[in-house]
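The opening residue of the sequence shown carries number 1 in the working numbering; numbering runs sequentially from there.
Watch out, some of these pointers could steer you wrong.
[What the hints assert, rightly or not] Heads up, simulated DSBU-like pairs for lysine-lysine below, C-alpha to C-alpha not over 30 Å straight-line:
no.	residue 1	residue 2
1	87	135
2	73	2
3	87	73
4	135	154
5	142	126
6	142	154
7	11	73
8	117	11
9	78	7
10	7	73
11	2	78
12	117	135
Don't read these hints as lab results, they were simulated from the structure.
All of these numbers come straight from a predicted model, not from anything done at the bench.
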Amino acid sequence: MKDAFRKISNKISYATGTAMAFVIALSVIIVWGVTGPMFGFSDTWQLVINTGTTIVTFLMVFLIQNTQNRDGKALQLKLDELIRSTKSARNSFMDLENLSDDDLAALDREFRELHEKHVSSEALHKLHTRISAEKERRHTIKSAGHAITSFLNKPVSVPGSLPSLSSNGKDKKKNSR
Numbered sequence: 001m002k003d004a005f006r007k008i009s010n011k012i013s014y015a016t017g018t019a020m021a022f023v024i025a026l027s028v029i030i031v032w033g034v035t036g037p038m039f040g041f042s043d044t045w046q047l048v049i050n051t052g053t054t055i056v057t058f059l060m061v062f063l064i065q066n067t068q069n070r071d072g073k074a075l076q077l078k079l080d081e082l083i084r085s086t087k088s089a090r091n092s093f094m095d096l097e098n099l100s101d102d103d104l105a106a107l108d109r110e111f112r113e114l115h116e117k118h119v120s121s122e123a124l125h126k127l128h129t130r131i132s133a134e135k136e137r138r139h140t141i142k143s144a145g146h147a148i149t150s151f152l153n154k155p156v157s158v159p160g161s162l163p164s165l166s167s168n169g170k171d172k173k174k175n176s177r
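Throw the hints in and build the complete structure from the sequences for me.
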């Protein structure tokens, strides 16, 4: 029974997670909405979609939970194997999922303290250097872009040619006062 349920829940979970399943569900909703005027938006018409979606949701909760439970357990076993095979890892971490919330919070604090102690100032310096270099590179590109834009927006004047027109159609004249 368990094996059959596992196989069925895997297949249904996979199938309902596809784009085609979404298209089918959307199509059902569209057909239901379009048939509303034909049924006069009656209570029965509304009951059909409400009942159908409620049943599907109810069953999907159990299928999804079953899949999540198995995936979570498989992930924990994989992590336990990695911890077990790593020489410097603490084997006591292999069963963390069974600890209380207080114990997990204490471990979290321990790791935060370890992280703060081991943050390399050299690594931070390298990071800040890279960020500064990137900012300078972007500033240089922006400055070059402004220079090109202002150059392209300048009117071209050729000696002996007609006066250029501004954007409002009036002659540009130099004030030589």
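- request: Starting from residue 87, check that the Cα of residue 73 is at most 30 Å away, please.
  value: Distance ~23 Å between residue 87 and residue 73 Cα, so the pair holds.
- prompt: Does residue 78 pair with residue 7 here, judged by a C-alpha cut-off of 30 Å?
  reply: At roughly 21 Å apart (the allowed maximum being 30 Å), residue 7 and residue 78 satisfy the hint.
- prompt: Are residue 87 and residue 135 close enough, with their CA atoms no more than 30 Å apart?
  reply: violated (42 Å)
- prompt: Is the straight-line distance between the alpha-carbon of residue 135 and that of residue 154 30 Å or less?
  reply: holds (29 Å)
- prompt: Quick one, are residue 11 and residue 73 close enough, alpha carbons at most 30 Å?
  reply: holds (19 Å)
- prompt: Within 30 Å, alpha carbon to alpha carbon, are residue 73 and residue 2?
  reply: Within the cut-off at roughly 16 Å; holds.
message: Run the distance test for residue 117 versus residue 11: straight-line Cα separation, threshold 30 Å.
response: Roughly 48 Å between the alpha carbons, so the hint for residue 117 and residue 11 is violated.
field: residue 142 paired with residue 126 [C-alpha distance capped at 30 Å]
entry: holds (24 Å)
message: Would the hint linking residue 142 and residue 154 be met if the CA-CA limit is 30 Å?
response: holds (19 Å)
field: Holds or violated: residue 117 to residue 135, with C-alpha atoms at most 30 Å apart
entry: holds (29 Å)
query: When you check the alpha-carbon spacing of residue 7 and residue 73, does it fall within 30 Å?
result: The hint holds at about 16 Å.
message: Need the status of pair residue 2, residue 78: alpha-carbon distance at most 30 Å?
response: holds (22 Å)
This entry does not satisfy hints 1 and 8, going by the numbered hints stated previously.
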